Amino acid sequence: VSRSGFFRTALLSSLSHCAPRFTIFSWGVHAVIPKAIFSGFDEGDVTSPSNRRLQGEVDLALRPKNVHWGYFSKDLAPVLTVDSGAEITVEMATHHACDDWDKMIKGDTGMESIFTWSKDSKGEGFRGATGKGDGVHILTGPIYVTGAEPGDILKVEILDLVPRVNPSGKTFGSNAAAWWGFQSRVKKADGTAFTAGTFTKTPNSNDEIVTIVSRARGLSNIFCDVMWFYRSPQSTHPVISLAFSTLLV
Amino acid sequence: LGSFTETDYLESFASDPGDIYGASDLDKAAQNTFSQTRKFVMAEYGLTEAEAWTIITQGVDFAITQLVDGK
Numbered sequence: 001v002s003r004s005g006f007f008r009t010a011l012l013s014s015l016s017h018c019a020p021r022f023t024i025f026s027w028g029v030h031a032v033i034p035k036a037i038f039s040g041f042d043e044g045d046v047t048s049p050s051n052r053r054l055q056g057e058v059d060l061a062l063r064p065k066n067v068h069w070g071y072f073s074k075d076l077a078p079v080l081t082v083d084s085g086a087e088i089t090v091e092m093a094t095h096h097a098c099d100d101w102d103k104m105i106k107g108d109t110g111m112e113s114i115f116t117w118s119k120d121s122k123g124e125g126f127r128g129a130t131g132k133g134d135g136v137h138i139l140t141g142p143i144y145v146t147g148a149e150p151g152d153i154l155k156v157e158i159l160d161l162v163p164r165v166n167p168s169g170k171t172f173g174s175n176a177a178a179w180w181g182f183q184s185r186v187k188k189a190d191g192t193a194f195t196a197g198t199f200t201k202t203p204n205s206n207d208e209i210v211t212i213v214s215r216a217r218g219l220s221n222i223f224c225d226v227m228w229f230y231r232s233p234q235s236t237h238p239v240i241s242l243a244f245s246t247l248l249v
Numbered sequence: 001l002g003s004f005t006e007t008d009y010l011e012s013f014a015s016d017p018g019d020i021y022g023a024s025d026l027d028k029a030a031q032n033t034f035s036q037t038r039k040f041v042m043a044e045y046g047l048t049e050a051e052a053w054t055i056i057t058q059g060v061d062f063a064i065t066q067l068v069d070g071k
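Line order of the protein sequences matches chains A and B.
Residue 173 in my numbering sits at position 173 of the first sequence, and the numbers go up by one each step.
Residue 43 in my numbering sits at position 43 of the second sequence, and the numbers go up by one each step.
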């Protein structure tokens, strides 16, 4: 087996068994919020034809107004209110899409509306707990369930997951082998310490490997095909170099 | 657990190999296991270290056995 052949074969065989576990795609989710499991609740007037998703309709599209990035807060206003038992379709994004802008963001109106951040334009206006870019995960919502009260337990069923496709009709994902993995505790093969940017006081060196994969369909299964991989570069803050002092205060 | 705490415990505890029972350590075993896996994948298939990391994130799971009594 050639070197590249093995690399590919091994990834395929592992991903075909556990793709969702480690490889991160942007997904749309079709969920049902069942009848509340607490008593004394009237189901109410639920109108959610089951064929809506097939018609391409979504209840929450990827737009800055529908997502928040990098934090939870009970003070966020709901972006959608549904009755208990409603079926809804929600679009979701992963911040890892930025690992390959051209494959996972470019030309996708929803993704671009969130991710765009230059010195002139910032799609999602508040990123992270401080709003200055220190957040990670993109969350769609919150969704308010009519009648739910503090202390109630909500049950949500995931009915279907559909990978997001880019304008060319393809789905890509990203895998990170980075400092938050266990390997950062182990010396590298050459005996030197694993570097992880400021976390290991090595601000100019980061042993973080990103692998971009495409979702492909085999004869009997879905798998991921390795497109390319690279050592994560030091990121550049789109504004910070221009106004370093004001943003860090 | 004892077997992986040291790369070769018979060498590390040459005077009394039984000392491994008192020296077994989950953190050391996990780190050594990762290190040995990386070494094997790189040597056997001629991969770079970065490729080995990626393969391990995707395709390797580690399990813990023999927590009670050495074999």
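I should point out that these hints are in silico values taken from the structure, not numbers from a laboratory.
It is possible that some hints are incorrect.
Using C-beta positions, here's what the derived DEER-type ranges look like [what the hints assert, rightly or not]:
id: 1; chain 1: B; residue 1: F40; chain 2: A; residue 2: G128; range: 31 to 41 Å
id: 2; chain 1: B; residue 1: M42; chain 2: A; residue 2: V136; range: 53 to 63 Å
id: 3; chain 1: B; residue 1: F62; chain 2: A; residue 2: T202; range: 21 to 31 Å
id: 4; chain 1: B; residue 1: A43; chain 2: A; residue 2: E112; range: 43 to 53 Å
id: 5; chain 1: A; residue 1: V136; chain 2: B; residue 2: F62; range: 19 to 29 Å
id: 6; chain 1: B; residue 1: L10; chain 2: A; residue 2: G128; range: 28 to 38 Å
One side of the interface only, derived from the structure: several residues of chain B facing chain A at Cβ under 7 Å [as the list claims (entries may be wrong)]:
id: 7; residue: T33
id: 8; residue: Q36
id: 9; residue: T37
id: 10; residue: F40
id: 11; residue: E49
id: 12; residue: A50
id: 13; residue: W53
id: 14; residue: T54
Computed from a predicted model, the values in this text were never measured in an experiment.
C-beta: ideal position from N, C-alpha, C; glycine also.
* Give me the numbers of the hints this structure contradicts, sorted from smallest to largest. => Of the numbered hints given earlier, those the structure breaks are 2, 6, 7, 8, 9 and 10, listed in rising order.
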